[in-house]
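Colleague: Next come the chains, spelled out residue by residue.
Number of protein chains: 2
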Amino acid sequence: MSNAINIEAWSCPLPLRDHANIILGHGGGGKLSAELVQHLFLPAFQNELLAHLGDSAVLPLAGGRLAFSTDSFVVQPLFFPGGNIGDLAINGTVNDVAMSGAQPLFLSAGFILEEGMAMERLGVIAQTMGAAARRAGVLLVTGDTKVVDRGHGDGVYINTSGLGLIAADVNIAPHLARPGDVVILSGAIGLHGIAVMSVRAGLDFDTVIESDSAPLNGLVATMLETTTQIHVLRDPTRGGVASALNEIAKASQVGITLDERKLPVPAAVHAACELLGLDPLYVANEGKLLAIVPASVAEALLAKMQQHPLGRQATIIGQVTARHPGMVVARTGLGGTRVVEMYVGEQLPRIC
Amino acid sequence: MSNAINIEAWSCPLPLRDHANIILGHGGGGKLSAELVQHLFLPAFQNELLAHLGDSAVLPLAGGRLAFSTDSFVVQPLFFPGGNIGDLAINGTVNDVAMSGAQPLFLSAGFILEEGMAMERLGVIAQTMGAAARRAGVLLVTGDTKVVDRGHGDGVYINTSGLGLIAADVNIAPHLARPGDVVILSGAIGLHGIAVMSVRAGLDFDTVIESDSAPLNGLVATMLETTTQIHVLRDPTRGGVASALNEIAKASQVGITLDERKLPVPAAVHAACELLGLDPLYVANEGKLLAIVPASVAEALLAKMQQHPLGRQATIIGQVTARHPGMVVARTGLGGTRVVEMYVGEQLPRIC
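Protein chains in written order, with my numbering: chain A, -12 to 339; chain B, -12 to 339.
For reference, chain A alone in the conformation it holds in the complex (with noise of 0.2 Å):
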């Protein structure tokens, strides 16, 4: 096979060309992680279904619609105030799959093991995963295990891929939103992002602040229930909250206007950004989702969603328009505005 390769034939645009090689920036779910998709591994794959890269894959397959979805997940340190890599793993490709309206149904898991990690540790990051399992509703199905020398690994990394059914009346895709939709976003920012920094950081809050990890599907069935009238879906993760939306922008080539005084940013998360020098919009989330809906449903599906646990701070933080398309922008306390860019490279290294 290696024989049919051409280097000489491989075209790598700029900027891409500016990195001769992989920095961690490339994995920080920013602009470089974006290039790095566009020019290097979508040309090389090239296909109709790859091309729309929402969180899932969505598959023509026996009559019905299936949502298809993976994810690496290489956190450190192992073990955080709220969790650890194994319910991250479960909820992070959860979410994923529910993220395109998807009843998400079955899981598999491979792991990435350093030698010397110890058993018991890796023993309580499966069951963490088993009970993930079972509070989400799916089932982990099928598996792998490799083992890797000292040195090459950190741990365990665990990757894990889903499927879903997409019920015939849903169609939520990132390219949907339309000018007039609002944007909800389900509760408090920050929580994750901020619960592994201050672990890694050494940080002593006054609070602990937990990781908000948790499966989204529940929530995602109870909004269905109220309306189909959902455009987008996004879970914002690596990148938080300005990063999704910026994709969705740019997928939907809309302007998303931000209002940033109703957003749920709670005391302590303020606080420890002021302390670590980050802006919370650009924090990762691991149990909040973003909702573009249409205006005419959106207070029915808010009061709706606020009557689930995971939904209790629902809030509309910001509406879709058709000035600036592909572009974020922020109205601040102050009343002026701030355009909210993709950010270029890694914030948080490792948080997902």
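No lab work stands behind these hints, which were simulated from the structure alone.
Backbone N, C-alpha and C fix where the C-beta goes; we use that ideal spot for every residue, glycine too.
No incorrect hints appear here.
Incomplete in silico selection of chain A near chain B, CB under 7 Å:
1. Phe32
2. Ser59
3. Met104
Here the structure of chain A is known, so what remains is to put chain B in place on it, guided by the hints.
Modeller: Here is chain B on its own, set in the frame of chain A:
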């Protein structure tokens, strides 16, 4: 979530207790791997679909049956004679899906990149994956990229998960071997393992031994056109033919008798194995399959396989018997017999 985990309640039966930490052998596809799955992962994830432990899970979905499989690839070096980690990752999962008799359709790809990985090498690997997917007739539809800091990876690790459709009249699984069946092997063994080991050990043979990495779904489709009476299919990868047959013997509670003189071991593989102190029966293959079928269909199937480019050297290597259930026994060239045990640890680390 982690608060819900009771470490004390985590029961870890012998002999897993002998190892407080992960060792390379837990990734070798032998006894230690099996114990890790049996005693650590299965109790944590427990459900009926997982318990079958085939190369794929078989999922009842939308009125049909779907095969779902996952595999992580950590081969070292990344490039070897006959291929690289890219086509290995595609073919490996295509084959796992095909071993349930399914037609593989869709693949996901999850990359764990090490900081410092050369962009051009990654580009070649991605191009190789694209070409391998086209050769196998599958679509790469969803993906994920993470970056870990230097010294916590090894260039690139790739996880692929795969989906395929199983035709209504196909029923293939590791537990379906029956006394009276015969064991067919599709071609020469030991090529992939020796190709990788040669590079790693810096060995220079007269002939370059190339990996046999190839997609087996076309061969399986050809076989199923001849007869749907195929009981078991298995690609003897990690742990080789010996481990694959041991797993089948245990799953089906039958004995398997091998005729050692019938095993197609190329002279170069034989010589390399002598030099490296390896037994070809335990060396990994990435483009070969074992088929266990009723004796009544064996000759017709063999003739058909031999017409396929990937089955030209297909041959009957053994029989399934009601004697010594769970055991694999080889008739040696000298007329004696020996028990072919499952390898305990890792003969060839990081071979796939």
